[in-house]
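Place chain B on chain A using the hints.
2 protein chains.
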Amino acid sequence: MTTGSDEVAVQAAGSLEADTVRSLATPALLLDRERLDRNIGRLRDRTAAHGVVLRPHLKTAKSIDVARRAYPDEPGPITVSTLAEAEYFAAHGFTDITYGVGISPAAAARAMLLRRSGVDLKLLLDSPEQAQALGQAARDAGVTARAFIEIDCDGHRGGLTPRDPKLLDVAASMAAAGVGLAGILTHAGESYALHTPDALVAAAEHERTEAVAAADSLRAAGHDCSIVSAGSTPTAHFAEDLAGVTELRAGVYMFFDLVMHGVGVCRTDDIAISVLATVIGTKPEKGWILVDAGWMALSRDRGTAAQKVDQGYGLVCDIEGRVYNDLIVPSASQEHGILAMRPGSGRPLPDLPIGSKVRILPNHACATASQHEVYHVVSGNGGAIEARWPRIRGW
Amino acid sequence: MTTGSDEVAVQAAGSLEADTVRSLATPALLLDRERLDRNIGRLRDRTAAHGVVLRPHLKTAKSIDVARRAYPDEPGPITVSTLAEAEYFAAHGFTDITYGVGISPAAAARAMLLRRSGVDLKLLLDSPEQAQALGQAARDAGVTARAFIEIDCDGHRGGLTPRDPKLLDVAASMAAAGVGLAGILTHAGESYALHTPDALVAAAEHERTEAVAAADSLRAAGHDCSIVSAGSTPTAHFAEDLAGVTELRAGVYMFFDLVMHGVGVCRTDDIAISVLATVIGTKPEKGWILVDAGWMALSRDRGTAAQKVDQGYGLVCDIEGRVYNDLIVPSASQEHGILAMRPGSGRPLPDLPIGSKVRILPNHACATASQHEVYHVVSGNGGAIEARWPRIRGW
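Quick note, the sequences are listed as chains A and B, same order.
If you read the first sequence in UniProt numbering, its first letter stands for residue 1, the second for the next number, and so on.
If you read the second sequence in UniProt numbering, its first letter stands for residue 1, the second for the next number, and so on.
Next up, chain A with everything else stripped away, as it sits in the complex (with noise of 0.2 Å):
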């Protein structure tokens, strides 16, 4: 696990650190903290309205700066991928934490530590298999486990279907081996391929009613399941009828990326985080303007090669944020990125001589985030970095 450290003033890290986008050493990641903030907030109101819980995923994020901006007062659900972003967020005083992968019987002993300390880390199984190894953990470890019911509402990953048979052995199984049923969880994964207001609205709906009718068939069967959890970064912002849902769960909706924009959750501008890069060559013979982000600081997601408009490896920006149009990055190698106007557009390409610095807009924050250490903060198209929020990896 890495602990990773608290804000950093800039002033503190070093001679050689510079601190405008200008002198930034690049390829860097960049985190507009006014975008972050509104996007925090536009789910945070909408949950809100709704009356259910927001539970941040906090696995795109991965960092205790970024978590606080959700929680400014005091900290308060969240979710998580990894064990070590368990652990991490543990230490950073959280307590409610939702570990959102299937549980492996050797993760199951290490998670019994974090709740003999006091949390309140809530586990996932969809079989009697897990059931029982989770139970035993829990047994060697001198606590009671708590674990939600995956349900697969879409066919896109693990979990049962309301339907299955198996949903009430699990549920039994959980009861034999004295694990806590915190609830079902389920998560529209498909939606991510949609891209259309009502396909979304449809989707969400459907996310709602399997999941109250996988908590109904549990209530019906004697079984306690409090908590009604569903979620993804698209569902979540068009659900409108969330009765019998009791949280939301969302990760990416705190930066968004070129995905989420393709699939009509938000705009380009209100994409929070960008990789600043500077011009190492052009060949203006080929339409060509090489950078030094490639795909170690862009990540290798093409998550929108799927989608209506393929942005390549990402959409460019100018220094200040504002987006060149049509100029994407259609290709990557390890450190080199290739800056190309889109196929079909008239546009020519901007004049940006060696030396020059632009902002790319990823992809996909999870990924494209996590091939850095550190988010250097800006305020808007201001040239000032504000501060250095370490982010953590690995597991």
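Just so you know, not all the hints are guaranteed correct.
Since the list gives no way to pick out one identical chain from another, each pair is judged satisfied if it fits inside one copy or across any two copies.
[Stated by the list, open to error] Distance condition first, Cα-Cα at most 30 Å in a straight line; then the derived DSS-like pairs of lysine-lysine:
(1) K166 x K308
(2) K166 x K283
(3) K286 x K166
(4) K308 x K286
Honestly, the hints are just simulated from the structure, not real lab data.
Quick look at chain B alone, frame taken from chain A:
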């Protein structure tokens, strides 16, 4: 810059740390030391037989411990892809370093600090603007800069073609700016798209003739061009004639990967790294096994998608490293991988109950290794973790 530390004895790594493949927390990156040594020896013997220098590209390994397998006695010539790598390997005694990415004016100043410390750091450029900026940075630092002119042998990325009249302009600009000409450097990046021995031999020969043509052109104009540097892992293994070439560069050859297997450079049992994962669920009705290694552990690289055999996000082996024929990772989310038989395979899904461990061979070693902080070193199908070798990241 992250300096990293030397090899960490396993027993010193903390009481929670497991010391066998079976008990290791997953996902985790395994490195097979026998395969590593065999791959290193193969290209070392090949280049020695041709009488050329081998300058390993350490962008793949990013580890002093791996570098020491290539240089067990004393440090030798290396290539790096970031200044952070240059600083790290210089701190570990390497003094003959080529930074293989076009230099930006801002990076030049940082590079000159290394030269001032006595490291023969050679840079790369292809424009008069870069030559002038580098000369200025060298004068500011009170040192002399040395650089290669980048030659474009196959249209892959940056550089000048050997017949481009700008080649002599760049050399003249370097002389005027007081920047020493180390030689020329080219990279047959398009060789990764090939898959027959004849095509690879031809690509290597084309890379050689273009490199030599550029060197000849510079020499005819009175410039010293002592180093003629070529290479990519495919062409380095298939070149039949290296007349006029003084050194070869290759990086992924140390580990190999499924892309190199698809190109035809290695067998699957040459691939030295794999991601250890644990089964967390089964969906026999869909033909799926779920594991706790998603794209965060495997990387988003889908380099085999364009090859004759698409390996998804990786090819699955048992815990001892034996390939399960046709079992691949067709899809992955952040921390979930789905295992399934290759489309059209008549074979049954292997019996892998929850808690089972598998090793997943990566598409692209550079990308997969970069998702991890440490190599867990094993030998062949043995179960002991012999060492933990940290790796660096960042720029």
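(message) Checking each numbered hint in turn, tell me which of them this model violates, lowest number first.
(response) 1
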